[in-house]
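For this one, chain A is given, so just place chain B on it according to the hints.
Chains A and B, in that order, give the protein sequences.
In terms of the working numbering, the first sequence is residues 454 to 567.
In terms of the working numbering, the second sequence is residues 9 to 120.
The set of hints was computed from the structure by calculation and includes no laboratory data.
Beta carbons: idealized from backbone N, C-alpha and C, even for Gly.
Mixed in with the good hints, there may be bad ones.
Said to hold, decoys possible - Stretches of chain A that chain B covers, calculated by requiring three or more beta carbons in the stretch to come under 8 Å of a beta carbon on chain B: (1) 490 to 501; (2) 556 to 567.
As the list claims (entries may be wrong) - Using 30 Å as the maximum straight-line C-alpha spacing, the simulated BS3-like pairs for lysine-lysine come out as follows: (3) A:K531 x A:K477; (4) A:K521 x A:K477; (5) B:K115 x B:K50; (6) B:K119 x B:K50; (7) B:K115 x B:K76; (8) B:K50 x A:K531; (9) B:K50 x A:K477; (10) A:K521 x A:K531; (11) B:K50 x A:K521.
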Amino acid sequence: DAGVIQSPRHEVTEMGQEVTLRCKPISGHDYLFWYRQTMMRGLELLIYFNNNVPIDDSGMPEDRFSAKMPNASFSTLKIQPSEPRDSAVYFCASSLASVFGEQFFGPGTRLTVL
Amino acid sequence: KQEVTQIPAALSVPEGENLVLNCSFTDSAIYNLQWFRQDPGKGLTSLLLIQSSQREQTSGRLNASLDKSSGRSTLYIAASQPGDSATYLCAVRWDSNYQLIWGAGTKLIIKP
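Bound conformation, chain A alone (with noise of 0.2 Å):
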């Protein structure tokens, strides 16, 4: 299996612009969570889905936060406009069969508001 992937791998942006993170979390997997990790705040669940559906946001920072799961192979978060302090790495991960199940990560995308 491919594991979870993510794109794209970096993203740098100027402040007000729109921001589109894709994630394909691994085939099977029921659940999938969308995380940020800074150097402050370490790793923050933002939002979960369970066969597609959001199930928990209330870790979205603001209503500049959005995310989606259109189908059970993609998943995008978006921040529309963005800001300097959206900086950080974005972390997609998935579980098979339950919330409490072992999650796996992807590489994360690493983005920077200018």
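Coordinates of chain B only, in the frame set by chain A:
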């Protein structure tokens, strides 16, 4: 409050040594505990998952133990190699919360 602590924050040892990384947690009512490694600029790799009913899990040179009563887990690495150099993160789930609560990690350097 449910918290996870990893001490030390950094550790440097010569190649070939056996070593132990520590993870402590408040509240013994955990659901499971997961160990990860993170290489610089890379994602997190899942190493081992221990369920609350288990005492240990092994994968190759890695052995993770769990002692709920004392609120501790250890990750034992046998015959360390330079390729083991990475940051090791411990994450805990409690029965009352599906979310992983993360330790700050231990940065491990194996000197050739």
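Output the numbers, in ascending order, of every earlier hint that fails for this structure.
none
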